[in-house]
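Protein chains: 4
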Amino acid sequence: MKYHELREMSEYKLHGRTSPNRYPAPLFFNGSAVEVNVNGSELWIDIEVDFAGIEPWATIWFNGEMVSRLMLTKGRKKICLFRGMNPAAIKNIVFMRETQAMADDELCHLLVHGFEANGIFHSVAERKLKIEFVGDSITSGEGTYGNITETDWNPMFMGISLNYTVMIAKEFDAEFRCLSQSGWGVIAGWDNNPRRNIPAKYETVCGFAKGSVNEALGAAKPHDFAAWQPDVIVVNLGSNDNGAFEQPEWIDPVTKESFKLRMNNNGTYHPDDIARFEKAVIDFLYIIRKNNKKAYIIWAYGMVGQGLTFAISNAVYKYQTDANDMKTVFVQLPDTTNETVGSLLHPGEKSHRRAADVLIDCLRKVVG
Amino acid sequence: MKYHELREMSEYKLHGRTSPNRYPAPLFFNGSAVEVNVNGSELWIDIEVDFAGIEPWATIWFNGEMVSRLMLTKGRKKICLFRGMNPAAIKNIVFMRETQAMADDELCHLLVHGFEANGIFHSVAERKLKIEFVGDSITSGEGTYGNITETDWNPMFMGISLNYTVMIAKEFDAEFRCLSQSGWGVIAGWDNNPRRNIPAKYETVCGFAKGSVNEALGAAKPHDFAAWQPDVIVVNLGSNDNGAFEQPEWIDPVTKESFKLRMNNNGTYHPDDIARFEKAVIDFLYIIRKNNKKAYIIWAYGMVGQGLTFAISNAVYKYQTDANDMKTVFVQLPDTTNETVGSLLHPGEKSHRRAADVLIDCLRKVVG
Amino acid sequence: MKYHELREMSEYKLHGRTSPNRYPAPLFFNGSAVEVNVNGSELWIDIEVDFAGIEPWATIWFNGEMVSRLMLTKGRKKICLFRGMNPAAIKNIVFMRETQAMADDELCHLLVHGFEANGIFHSVAERKLKIEFVGDSITSGEGTYGNITETDWNPMFMGISLNYTVMIAKEFDAEFRCLSQSGWGVIAGWDNNPRRNIPAKYETVCGFAKGSVNEALGAAKPHDFAAWQPDVIVVNLGSNDNGAFEQPEWIDPVTKESFKLRMNNNGTYHPDDIARFEKAVIDFLYIIRKNNKKAYIIWAYGMVGQGLTFAISNAVYKYQTDANDMKTVFVQLPDTTNETVGSLLHPGEKSHRRAADVLIDCLRKVVG
Amino acid sequence: MKYHELREMSEYKLHGRTSPNRYPAPLFFNGSAVEVNVNGSELWIDIEVDFAGIEPWATIWFNGEMVSRLMLTKGRKKICLFRGMNPAAIKNIVFMRETQAMADDELCHLLVHGFEANGIFHSVAERKLKIEFVGDSITSGEGTYGNITETDWNPMFMGISLNYTVMIAKEFDAEFRCLSQSGWGVIAGWDNNPRRNIPAKYETVCGFAKGSVNEALGAAKPHDFAAWQPDVIVVNLGSNDNGAFEQPEWIDPVTKESFKLRMNNNGTYHPDDIARFEKAVIDFLYIIRKNNKKAYIIWAYGMVGQGLTFAISNAVYKYQTDANDMKTVFVQLPDTTNETVGSLLHPGEKSHRRAADVLIDCLRKVVG
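Chains as they are written, first to last, in this note's numbering: chain P, 1 to 368; chain R, 1 to 368; chain L, 1 to 368; chain A, 1 to 368.
So here's chain P without its partners, still in its complex pose (with noise of 0.2 Å):
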């Protein structure tokens, strides 16, 4: 066995934003992943994690299949990826964050040092397809794994394994990346709290990743969108701003201040927030296209209520129309009822599919 340090490595591939040229690695987002092909009868991997209260999980995947998911736990280890193959076969292996960037705990991170193995490495073909995933709880796979009846909010319910995002991706053999948060949305999050909107993070490396250690990671900085320009960005949010209408107001314990996001006395939406909504989705796709200049944008919504479909849809017409983008499309998704509900009263696993067999449609449509 020979232990291989990333900086030194030459092939491998790294998914997911992340810091350009640091080592160790951080894998900042769900779906984040290192990727190896080796051969050799035996590969562990080298990695940090550390945490204040939420570890996160990994999966590792051999030859495209998920093989294992496990939680990780605090402290600079060795897991081992395989062994007892022949030694004679190139393996593609995947070792890939299974859980989001955690904006609630500070110290939250994973990190790639390197490999230990008794094979050689050997390149990582590029995929043919990029696919950017932006989103909330349901890209973060919240409700995919545990029982129904689960009502804590805990990493070990949540992960991309099974959700829409690894559906659609291996139906095309496409690169992915996620970028989602729970709870977060386009104006608000779930609770009025303003600071929880997505596209403030979204030109940023991770900039749901917080505090002082994610800092020197890199997390704040801008992101190089030129590095890696995808062919199609599914934005799939909403679904917290939706459920803040119903949600009290927000109001800082610091500065005092506060949002809410208004319904009428009758219930109906209240036409100021909702156009305020509105020029929030608007602006946001001014901030995609600015920095992605090719790809197709689906603005994806449904999973979990619907109430602000007409907004969304709405919205992105006037963006088409007034930025003259014909390259963006609004699909809904099927609503999540009692026989396709996972854990923590979140899409589970047949929603997700039906989701993505949607998607899947219409990304047909977009790239052939």
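Note that these hints are calculated values from the structure, not bench results. Where hints are given, some of them may not hold.
If several chains are the same, the list does not tell them apart, and a pair holds so long as it fits within one copy or across any two.
With a Cα cut of at most 27 Å, we get these calculated DSSO-like pairs of lysine-lysine [as the list claims (entries may be wrong)]:
1) Lys327 - Lys260
2) Lys279 - Lys327
3) Lys293 - Lys13
4) Lys130 - Lys13
5) Lys2 - Lys74
6) Lys13 - Lys279
7) Lys327 - Lys256
8) Lys130 - Lys78
9) Lys294 - Lys365
10) Lys290 - Lys74
With chain P fixed as given, assemble chains R, L and A onto it according to the hints.
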């Protein structure tokens, strides 16, 4: 066996819009039907059929299940609905028109004169839920029968027995009515013919059935909306308007007036014509609401192309806001794929199943 | 339109065992059919129907897809098979008997006199695979139509258009024949009547069709096996024999002779009667093989109870060993459950689908 | 956090055959597990693992759902089963051995020393139904993980978490035990090695676990059947015996004695060897019944080839008759097809789903 003239019977139910108190009773629409509960061992129906070139088809339902589908040939005739049955049991029998009102065949009509039975007719219970479907060839079930290689426009390949309307009605045990015409749109037909617009016929009994014969049957008269108020109206329109954008100008052979929904040179919709289309959608919603005070209105779109998603969603949204009419919703239906297509390049049974599932989820929210 | 008497036509194909060179041609069995390839815009069939109490039903297939299912009433009549079609195209049309030969109705018969057409008849191609199905009510499709609450024994609820025979034939594009009778078994019917045994009729054209009328049609004559040698024979028998074990003794009303398959007091099968049953299975296999030299023989069992699994499997095994006939196999079919049951407590379409899938897997091994 | 040595705990349940009152407790079999109900926010398990070449894998189940699957590496270690949970809730946790007893690795073992918890252990309820599964690689779940192109025999691709045993146990909420060994048969292994016969090991605790270490753990001792009497025993054996007929003779490297199940030149089974095989089946049934007085015994066969269907069915039938033991049944399972195959040319998850459905139907009849 005893003959019962329909006009003298008290225990039966006519489904579908028809001329009040007219005998023999016309079944104008797909889904129009006569329903009886009857005991005895044998039952025949006495009908009258005529057409110039396009014959109507019918289906027979025994205790809620379809047992027969048949072409109707010209003339007055008796058709056996059942025989050899246990005389004591009360059977629920529906004789249903399978094919749409035929706007292109002025002679086409189907009349019910009466029944021949050796049992007694019992009352037909009211169903709790009433649904009206308004649509085009999709709602007429074009393509739900026949080999996928068929290209002949023929009523054999058309019918509602396997389409989404019947699937939804069965799910909710609902009474339903259809009002649909192949090739027609909101503002114009697939060929840009502006007279092929559904809204213009919505307030008549059956404006699609033309000619002196159908006029005599009362088809062109104003419809009495008060007599039947649906709980839900599903409008599944827009596919032909979308097609018209890509078709040549329509020119009236007599007046030489013309009509065209235009595309821009770059392949986008001309904004003026989108605006005209959106106005037509809004106007239609006002017409529907004027006549149906309590109904939840679902505009469903997407089974055959999705190019007008934004325009329709936006128009429904504008109507909802302008009219302050919250009982309106837009639903995107899954587009038809190679796996779900039927004959005549139209949605097959699988595509209708997918659409029905989406609408069933939607209706469940609305009607509980 | 021109009338074509069948006896003068050269281009057509009769499916199902029938009397050679007899006109009008009898369609004795479920699945018996006349098939033509014809162009022109319109086609009628000229048939003759009679029965005492149990009418036959038919289905119409257009280019391989069922488009109509209808009850046949008494008398000679013309039925329109299609009209209004593109005259140039050659259409493949099958007019098929949907319901079994009716052993309990000596008058029941269905004859084909000819066609009326405005096109030209073209040759009907031979299919590569030939399958014979031998069975009871399951193979007659009893219970595949109608509400699951139905209990009336009526041909309306019976038919092969949705049963496993047609599913299998479609999968392999095979020519198929059925020879089945509701209530009959290998050694006795469900009621212990030993004359209700299929093997006794196997070597006649259609021994189930009794009475002078059917005799005159040639039903009782020896069948000419050489004229049609199947590649596969599926025997789906044993369910009624199993039922007979639990039914009272049968007593001949005239001769007073009696028959009974006995259970022991402890609820097990009486070994002597199991031995008699097994012998009947073996004897039948010898009869089948004598007449079908090359066919693979699949004995399938289990859709309605599985009590005779051991006896049948053992008997087929004994036959295989004794006869050194390796082209024999036993297949257990999934029993019908609450989820898959149809009307009359018989297998519904879902149960037939499950059975068909098992048999399709089996046939694929046999015929490649 | 407090450490609890297993030997001092009263509230836990060991699943699977194991040595009574031995600590640390060995988990010998696939499906062997330790189950606890515990509150508190965090739980770790203290285990000890060793092997020469083939490592064991484990799965973690939280409130009945699998949340983790992981390779176990050598040494004593603590594995976190959950953390960060609501302390008040009582969680049901199962730590399960995923891979079979490894007859080819004398060092391979997995021991449970205890738990580290910050909560209190509560009693584990008895389940109403107990099922024992006896089998080969199918029951060991070989091929249920990994890409279908995999050919490497490696525990990564093996496991019961996706196989029919767990599917059935979940359906009935049953306690279950597995006793299975890849490559073994009733009379001989796939390679004709007659020592690879399951019956010879059935009455020991875990005769597959060899070597001095496992001997010290009690693996070779007689099993105490009285302590756990199953309601149903599913024997899924015969596939390797069938394979042996097509493999060369096995020769003992030491004694030079040989064994071979022979085919005739014409490709049929040699009757003497079929007789030997049938006797082995019958003998095994007597062994099973001797030790399990009340269990319903289901012999299931067919997922990997069906050549011995007759022999097995006949043998079970003979046993049933000879022993007058009516609580025996033969079930044919659907053979694995191209659509349902997994890795290593073994049944994939879909094939296991189909087999489980057939067995679930069967068990439902037996256990209601």
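Taking the hints in turn, this is what the structure says about them:
1. Lys327 - Lys260: between (32 Å within a copy, 25 Å between copies)
2. Lys279 - Lys327: both (19 Å within a copy, 25 Å between copies)
3. Lys293 - Lys13: Within one copy only: 24 Å inside, 59 Å across.
4. Lys130 - Lys13: Within. Shortest intra-copy distance 14 Å satisfies the 27 Å Cα cut-off; inter-copy 48 Å does not.
5. Lys2 - Lys74: both (24 Å within a copy, 19 Å between copies)
6. Lys13 - Lys279: neither (38 Å within a copy, 52 Å between copies)
7. Lys327 - Lys256: For lysine 327 and lysine 256, the Cα distance exceeds 27 Å both inside one copy (41 Å) and across copies (38 Å).
8. Lys130 - Lys78: Cα proximity of lysine 130 and lysine 78: none, with 30 Å in one copy and 40 Å across.
9. Lys294 - Lys365: Result: close within a single copy only, 16 Å intra versus 39 Å inter.
10. Lys290 - Lys74: neither (39 Å within a copy, 52 Å between copies)
Comparing the model with each numbered hint stated earlier shows that hints 6, 7, 8 and 10 do not hold.
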